[in-house]
Amino acid sequence: MPLLFGPAGVPHSAKKDTPEEGVRQCAALGLGCMELEFVYGVRMSAKSAEAVWDVQKATGVQLTAHGPYYINLASKEKDKLIASRGRVLDTARRCFQCGGRSITFHAAFFQGREREQVLQMVALELKAVLARLKKEKITMDVRPELTGKPSQVGSLDDLLWLGKAVPGILPTIDFAHFYAREAGRYNKYEDFCRVLEIVAKAFGKGVLKNMHIHLSGIEYTSKGERRHLNLEDSGFNWKDCLRAFADYGLEGFVICESPSLEKDALLLQETYRKFAGRKR
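Sequential numbering from 67 applies to the sequence shown in the numbering used here.
Take these hints with a grain of salt, some might be off.
Heads up, simulated DSSO-like pairs for lysine-lysine below, C-alpha to C-alpha not over 27 Å straight-line [unchecked claim]:
1) Lys201 / Lys146
2) Lys230 / Lys201
3) Lys113 / Lys203
4) Lys271 / Lys340
5) Lys289 / Lys146
6) Lys275 / Lys305
7) Lys254 / Lys267
8) Lys81 / Lys329
9) Lys267 / Lys230
10) Lys193 / Lys230
11) Lys254 / Lys201
12) Lys275 / Lys193
13) Lys201 / Lys123
14) Lys275 / Lys254
15) Lys230 / Lys275
16) Lys82 / Lys329
17) Lys200 / Lys230
18) Lys200 / Lys123
19) Lys267 / Lys123
Derived CB-CB ranges, DEER-like [stated by the list, open to error]:
20) Ser111 / Gly250: 39 to 47 Å
21) Glu116 / Arg293: 32 to 40 Å
22) Arg181 / Gly96: 41 to 49 Å
23) Ala149 / Leu226: 37 to 45 Å
24) Ser114 / Gly343: 33 to 41 Å
25) Ser111 / Pro325: 24 to 32 Å
26) Phe341 / Tyr136: 32 to 40 Å
27) Ala149 / Ala94: 31 to 39 Å
Simulated from the structure, these hints should not be mistaken for laboratory data.
For each residue, glycine too, the CB sits at the ideal point set by N, CA and C.
I would like the entire structure built from these sequences, with the hints used as guidance.
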């Protein structure tokens, strides 16, 4: 599979704000993927998911999904912990019913606790998620995301730790979040290459042929991510990031989370193809 580009959610230019129309519009624009945004809850019915799958099969547009923002797999409250596990499972179930292949989510919050204590809690929940999906015969990549704030589980080191602790888990690498979380310190071509090398070493070189990536412009403060921006309005060095993708021969999904959605997704795709063409 080549490296596919698409928006986080239904394109602004779609005729209707529905996942089905979003998939159709991505196909019309020449984009190869779209992320289903379940960030405020998995409210899609099984019937609607079947309709999305029909369009997905007809167009060939590949689907991923983003779970609810309020997932916390290390919650101090048992009921919220159980609910969070359920939200990850529901995200995977609906994505699978839509014909999707990969889900991502913000795994947890530290809430003033020791890092390893929280990561162990997250790992336990992720093992339960994988076991349940296997029992339900749902094939899905389950991917905690590299998050934009140090208060959240989701540093690159956190993802490496979880990958070692929970066989079968893969990461979603949000390079804009990485830039914001590290206060802009890592923003060069060599930095992006280093991230890819670290991920390949931890998860195996095959992961570079099965990537789930988020990109956007971004604004940050001393506390990390503040808000997403369009690419041209940000200091994030997205062009060199794409150059690294081309040089490492990545395959998988690049989901654009810029406010302009499909406009920046197309810009990313066009720019990437120029780099990939030079490499050939």
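Hints, one by one, checked against the model:
1. Lys201 / Lys146: holds (23 Å)
2. Lys230 / Lys201: holds (22 Å)
3. Lys113 / Lys203: holds (19 Å)
4. Lys271 / Lys340: holds (24 Å)
5. Lys289 / Lys146: Holds - the C-alpha atoms of Lys146 and Lys289 are around 25 Å apart, at most 27 Å.
6. Lys275 / Lys305: holds (20 Å)
7. Lys254 / Lys267: holds (20 Å)
8. Lys81 / Lys329: holds (16 Å)
9. Lys267 / Lys230: Between Lys267 and Lys230 the Cα gap is close to 11 Å, so the pair holds against 27 Å.
10. Lys193 / Lys230: Distance ~12 Å between Lys193 and Lys230 Cα, so the pair holds.
11. Lys254 / Lys201: violated (43 Å)
12. Lys275 / Lys193: holds (24 Å)
13. Lys201 / Lys123: holds (25 Å)
14. Lys275 / Lys254: This hinted pair holds, its Cα atoms lying about 22 Å apart.
15. Lys230 / Lys275: It holds: about 19 Å lies between the C-alpha atoms, which stays within 27 Å.
16. Lys82 / Lys329: Since the Cα atoms of Lys82 and Lys329 sit roughly 17 Å apart, the hinted pair holds (cutoff 27 Å).
17. Lys200 / Lys230: holds (19 Å)
18. Lys200 / Lys123: holds (24 Å)
19. Lys267 / Lys123: Distance of about 34 Å is beyond 27 Å: violated.
20. Ser111 / Gly250: 39 to 47 Å: holds (43 Å)
21. Glu116 / Arg293: 32 to 40 Å: Given about 35 Å between the Cβ atoms, the range holds.
22. Arg181 / Gly96: 41 to 49 Å: Once the Cβ atoms are compared, 43 Å apart, the range 41 to 49 Å for Gly96 and Arg181 holds.
23. Ala149 / Leu226: 37 to 45 Å: violated (27 Å)
24. Ser114 / Gly343: 33 to 41 Å: Taking Cβ atoms as reference, Ser114 and Gly343 lie about 39 Å apart, which means the hint holds.
25. Ser111 / Pro325: 24 to 32 Å: Given a distance of about 28 Å, which is inside 24 to 32 Å, the answer is holds.
26. Phe341 / Tyr136: 32 to 40 Å: About 37 Å separates the Cβ atoms of Phe341 and Tyr136, which means 32 to 40 Å holds.
27. Ala149 / Ala94: 31 to 39 Å: holds (38 Å)
Violation of the numbered hints given earlier is confined to hints 11, 19, 23; the remaining hints are satisfied by the structure.
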